Structure formats: C-alpha cells, structure tokens
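K.L.:
Residues per chain are reported as follows:
There are 2 protein chains.
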Amino acid sequence: MAAPSHAFILAGGRGTRFWPLSRHANPKQLLDFTGEGSLLSLTLDRIEPLIPASRQWVITSDDLAPAVAQMLPDIPRDHIIAEPVGRNTAPAVALAAALLEREDPEATFAVLPSDHLISPAKVFRSSLQQALELAAAEDVLITFGMKATRPETGYGYIEAAEDLNGGARRVAAFCEKPDRETAQTYVDSRRHYWNSGMFAWRASVVLAGLERHLSDVVAPCREAAKQLGTSGFASALELAYGQVPSISIDYGLMERADNVVVLPATFDWNDVGHWVAMRDLWPRDAQGNAAHGEILAVDSAENIVYGPGRLTALVGVRDLVVVHTEDATLVCSAEHAQEVRGVLDRLKERGLTQYL
Amino acid sequence: MAAPSHAFILAGGRGTRFWPLSRHANPKQLLDFTGEGSLLSLTLDRIEPLIPASRQWVITSDDLAPAVAQMLPDIPRDHIIAEPVGRNTAPAVALAAALLEREDPEATFAVLPSDHLISPAKVFRSSLQQALELAAAEDVLITFGMKATRPETGYGYIEAAEDLNGGARRVAAFCEKPDRETAQTYVDSRRHYWNSGMFAWRASVVLAGLERHLSDVVAPCREAAKQLGTSGFASALELAYGQVPSISIDYGLMERADNVVVLPATFDWNDVGHWVAMRDLWPRDAQGNAAHGEILAVDSAENIVYGPGRLTALVGVRDLVVVHTEDATLVCSAEHAQEVRGVLDRLKERGLTQYL
Numbered sequence: 044m045a046a047p048s049h050a051f052i053l054a055g056g057r058g059t060r061f062w063p064l065s066r067h068a069n070p071k072q073l074l075d076f077t078g079e080g081s082l083l084s085l086t087l088d089r090i091e092p093l094i095p096a097s098r099q100w101v102i103t104s105d106d107l108a109p110a111v112a113q114m115l116p117d118i119p120r121d122h123i124i125a126e127p128v129g130r131n132t133a134p135a136v137a138l139a140a141a142l143l144e145r146e147d148p149e150a151t152f153a154v155l156p157s158d159h160l161i162s163p164a165k166v167f168r169s170s171l172q173q174a175l176e177l178a179a180a181e182d183v184l185i186t187f188g189m190k191a192t193r194p195e196t197g198y199g200y201i202e203a204a205e206d207l208n209g210g211a212r213r214v215a216a217f218c219e220k221p222d223r224e225t226a227q228t229y230v231d232s233r234r235h236y237w238n239s240g241m242f243a244w245r246a247s248v249v250l251a252g253l254e255r256h257l258s259d260v261v262a263p264c265r266e267a268a269k270q271l272g273t274s275g276f277a278s279a280l281e282l283a284y285g286q287v288p289s290i291s292i293d294y295g296l297m298e299r300a301d302n303v304v305v306l307p308a309t310f311d312w313n314d315v316g317h318w319v320a321m322r323d324l325w326p327r328d329a330q331g332n333a334a335h336g337e338i339l340a341v342d343s344a345e346n347i348v349y350g351p352g353r354l355t356a357l358v359g360v361r362d363l364v365v366v367h368t369e370d371a372t373l374v375c376s377a378e379h380a381q382e383v384r385g386v387l388d389r390l391k392e393r394g395l396t397q398y399l
Numbered sequence: 044m045a046a047p048s049h050a051f052i053l054a055g056g057r058g059t060r061f062w063p064l065s066r067h068a069n070p071k072q073l074l075d076f077t078g079e080g081s082l083l084s085l086t087l088d089r090i091e092p093l094i095p096a097s098r099q100w101v102i103t104s105d106d107l108a109p110a111v112a113q114m115l116p117d118i119p120r121d122h123i124i125a126e127p128v129g130r131n132t133a134p135a136v137a138l139a140a141a142l143l144e145r146e147d148p149e150a151t152f153a154v155l156p157s158d159h160l161i162s163p164a165k166v167f168r169s170s171l172q173q174a175l176e177l178a179a180a181e182d183v184l185i186t187f188g189m190k191a192t193r194p195e196t197g198y199g200y201i202e203a204a205e206d207l208n209g210g211a212r213r214v215a216a217f218c219e220k221p222d223r224e225t226a227q228t229y230v231d232s233r234r235h236y237w238n239s240g241m242f243a244w245r246a247s248v249v250l251a252g253l254e255r256h257l258s259d260v261v262a263p264c265r266e267a268a269k270q271l272g273t274s275g276f277a278s279a280l281e282l283a284y285g286q287v288p289s290i291s292i293d294y295g296l297m298e299r300a301d302n303v304v305v306l307p308a309t310f311d312w313n314d315v316g317h318w319v320a321m322r323d324l325w326p327r328d329a330q331g332n333a334a335h336g337e338i339l340a341v342d343s344a345e346n347i348v349y350g351p352g353r354l355t356a357l358v359g360v361r362d363l364v365v366v367h368t369e370d371a372t373l374v375c376s377a378e379h380a381q382e383v384r385g386v387l388d389r390l391k392e393r394g395l396t397q398y399l
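Chains as they are written, first to last, in the working numbering: chain H, 44 to 399; chain C, 44 to 399.
Bear in mind the hints are in silico, worked out from the structure with no lab data behind them. Computed from a predicted model, the values in this text were never measured in an experiment. Hints are supplied without guarantee of correctness; some may be wrong.
Which copy is meant is left open, so a pair is good if it fits within one copy or across any two.
[As the list claims (entries may be wrong)] Under the rule of at most 20 Å between Cα atoms (straight-line distance), these lysine to any residue pairs were calculated in the SDA-like manner: (1) K165 / P95; (2) K391 / D342; (3) K391 / G336; (4) K391 / G352; (5) K391 / E337; (6) K391 / Q381; (7) K391 / E91; (8) K391 / R353; (9) K220 / D259; (10) K391 / E176; (11) K220 / R255; (12) K391 / S291; (13) K269 / T225; (14) K190 / G210; (15) K220 / R327; (16) K220 / Q381; (17) K391 / D75; (18) K165 / D314.
Start from the sequences and build out the full structure, keeping to the hints where you can.
P.N.:
If you want it as structure tokens, here you go:
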C-alpha cells in the first residue's frame, strides 16, 4: 500500500483578465463566478473525497493568505503557505516536495491550479487516483494532457509518444504556444495535448529532477521547509525566496527531464482564461447571451454579462463583455477579452489605483 | 407698445429614449445632462431676461407637476398647469390662449418645448423678441424654422415661400418626416427648414385659427380656463380634457392655416433626441469618446458614456452608448439609440415595472 497522497494547490496568481471583478486583493481564484463557491473552494471540494483536507495544501501570496485561510476553514493552518514574493511555479513545487519529504520522501502529491473548472468531479478524481498510483509505482513526472479539441493559440501543447501501461504516454516534446496554423496541425495529429498545469509525482522523484535541472532551487526550499510550524518559517521562506530564481516548473523541469509522461484527461476542463469562458458557465438565452444577473436583450446576441442585483439592457449589440461592479463597469468586445489586463496598466499610469 | 408677452413651456413628455436615466417619474425634461441644470430649468433660465418668471407658464402632466413646481420655485404656482391626461399639443395651446385671453385677448405668447438645448441664449432671445413683435403687429401664426444642415429623417420640414418683412417667410408647405433621398433634396433646395415645435402668436389669432380648424378643442379649454386659481380648476380641466381630441398643433392647425409664417432661426438648436446627441454636449477625448463620468478607453472610439461617480472602462469597442444608473445599465449601439424605447415595452411585457 502506497503512502497517503497530498495535494498542493497553487493560488498565488492575480487573474487580471477578470477586472473589474478581480482586484489585487480579490483575484480570480477567490471569485465565485457561478454562485457555487470560489474557484479555489471548488478545486478543494473536488478532490476532498480522494485527498481529505488534512492532506490539502495551498501555496499563495502572503497578502492573500488571510483571505484564503478564511475561505478554507477545514485545511490545517500550517498547510496554507504564504509566499513572500512570487517566484513562478518551480520554487513552489520544490517547497512542496521538501515539506513532504521530512515525513516521507516517497509520498506522492498532485500539484493543481486553483483557478480552473473541471467536471465531472468523479471522473477527475478517478484520473487523479490513476496518476498518483502511477507516481507511486514508477519514477516518472506525470502531467495531465487535455485533448486538443480546437486550434487554441493560448495554450502550450504536449506531443505524446508511445503508450505506456495504464493509459499514460511518454512525452516526445513540449511545444510553446503555437500560431493558428501550427495549432491546427497539432489538433489534426491527435498526438498533441494541451498542457493543463496539473502534475503528479513522488517527492523524491521530483526533487531528484529539480536537483539535476534546477539545482539552485532545491537547497533554499529544503532549508525553509525545516522551519514549518515554527515562528521562524516566514523569515526562513523569505530568505529562501530571496535566493531562488523565478521560473516555471514546465520550463525549468518538465521540458528538460527524460522521465516525463502525459496522462490524457477524460474529464472536461475549462481554464477560465478570460470573460468569454463564461459562455460555458452561465445560463444562455435563445440568442446566445450568457448572463449572471438579469438581462434584457433587444436585437442583441452572443453577449456575456455580469451584473448581479441589477438589470442590464442590451440594444443592437453583439459579442460584447459587460461587467458591472460597485465602482467600475467594463464594456469590452469579446475578441479583445484577452486585453483586459491592459486596463490595469492604464489605471496605474493615470494614478487610478483605487480600481486595481 | 404691445402688451407684455408670456411663454408657455410644454413639459408633459416622457423622453423614453433616455432610459435608464429617464424614468416615468423622472423624464427627459427633468434630467440634468450637463451638470448645469435640467433641460426644463435651462429653458426657463434662457428666456428669463426677456420673459420674467411671473409670465412663464409650464404645462405638464399631473404626476410630474409637484416635481416641476419644486424645480421652478420662481414661477407662480397657478402657472404650473397639470394636465390630467396627455392630449398632444393642440389642446395645450388652446388652453394657453384661453388662459391669457381672460386678461387680454391681444397678449402675445411663445410656445416652447421643455427638452431642447439652444445657444447662444442671447441670440435666441433676440429671435424670440422679433417673433413676438411680429405676432403683435400681424395676424400670423409664427413657427421657428431651423436651417436644415443635414438630410435628417427624424424631423418634419417646412418649405418656405416668399420673404416677408423682418426676416420671416411665408410657408408654402409642411412636409412629413422624409426618407433620406427626399431629405437631401430639401437640404439642397435651401428653402426647407426643420420644424422645431417653437411658436409665437397672439391669443386672439391662435384662438381664431383653432376655432376654424379645430373647433371642438376651443370651447372646453375656455370653460376650464375660467376656473384658474379656484379649487375647481383641476376638475374643470379634467372635464375639458375628457372632451378634446388628442392632436398636435402642427397637424391640427399649422398645416391647415393660411396665415403661417416661418422665422428662420439664427441660433444653434439641439433637440436632444436620444443618447447620441450627447456627443455635442459632453467633453470628448482624442478618440471621440464623449463622457459624463470617468472613462478609460483602450482601442475604443466614438463611444458615449454616462456614469458619474464611477469608472467605465472600454476595450475594443466603437460607437456604443453605455449608461449606468443605480439599478440598471444600458449598452446600446449608437445606430440603435432611437430604439431604446423598445426596452420599455419589453420591461412591461416581463413585468419589470420597477425599471420603468
């Protein structure tokens, strides 16, 4: 019987493309888009039957940690790790592995984003269990691959090689975000998967990989990990994060290692990348208008409206994103939804920091 | 020396194309679009140096009368006439003339809309004075004609005939709202003016015209006028308005009479017909975005935004009207601005009467 598995949820992002709903102190993963809970809460609820709260961890930024702790009362307090500064995902993974190896170097753990939507939960747990069992049995670094159903240019791709036992496949290559034409060849190949940013492995295996490919990350994280549960942990982490480079686990480890496998996902996945993703989350009327809040649409189709507690009337408009919050309103064309983060730069330029 | 002139301001309209700012209890003429006062207040302020408050009258609907009275503290209380029901403009003009003839049948008066913007005020007053002097001297019905500067299809036109003394011209014909092609021939002719809905005449002259062309309107209004200043006025007016037809002064009198003259306007006129008119009223940025309230525009041009006390961010949008109020938001394409009134029908259908 393998050791109990853990889950580390990465919740340090800012999700600026959901402005004006997302703010510096209330980023995407803390938002409740559907009325069923925040993306972070839903992420933990989803794995709970497989990995209970006592083995769930959240790595977030120190300014968000209090809000995260309040949102997740069931998770042990010292499992909410407050990063003093963002250093991308590789140091977070190294820290996670270092924290677990103190008890059991052979412990398996999953690394999951906090701001994606996945369903059905049962299918996801089954897939996750399969990954953790594979990680327990083999010295592999497992990444979940999403079936590439459209020529999406916003994701990285994973090219799969031969099948292994249990549905996993060797990885032939990681591919950067492609242009449209290349993306289409990936979709047509049926050997390419979207890189989801979800991983599973044993602490010892990922630490060995990091020591080989990102040696300067491991030692500082191990030093900090020793202090968990003591009053010195925060300053130890600050010291460590002052020493490690800022680099992603994909770039720093996965693309360099030769023991990477991809596990094709059988569940539905939505990375909730920008407001247009709400078309899949919110009720839509006969004209394709998706809304959270009351709308009245006249000669209007395919719009996306967030405005709880008020009426939003649309007249003669199409493919717009309309988001109403207490102090700010966004009106954006759907095709420009990726560019909402540009608003934040302009707000800073103009000194309108109260809206950040 | 002619008798002192009066002014009757017609303020019974609803201006539904300014929803969601205009509401049943707060229609267009009571709205302050510029921060300088409501359209109604501005109308009265504009004529004040020529026609003082003591000779200003407002004809409005009975539900709006209290708000009108509060907005216009300088006008005598019995000069605010509360119509029990809307009957278009001909009965209002008949009532106005009947009210004045009790004191002096040869009194001159102007009839003015309450929801237009006119500038410069001094030029307007000079034109109004000229009209009232002409009305005192001649048995004519005077309408102000606006120079047709573009092939507007939303207005009626007045075709002018030969010049009279003092700049006025005989009227050859009233023309219904034309199609675009016809409108262009009107503009090219240089003999056509927009019908502005502003008039001047003597009480005796307009009553004579009405008796001839709309005989069933005059007698009930005269009966009601007798009761002004008594406790019986409201019920007398209700009785009168129960008897008169609903018809406009243009259709009922001006198009039928043979003593109509047009006085070409020398002032700027904006009938503030719908939200797009705000392009001429509000500050515009370098991309042509007109706003009342703070905006942040990224790749966005020619939009019209009302949102005082909040930030409205625009990303990748063009030619939109965005209006924010406490409980409702409108997003409308500029070319559909005329159709905003359609929202009200839909609100009624859906029982959302709190937004009317």
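K.L.:
Among all the numbered hints in the text so far, which are the ones the structure does not match?
P.N.:
Of the numbered hints, 7, 9, 10, 11, 12, 13, 15, 17 do not hold.
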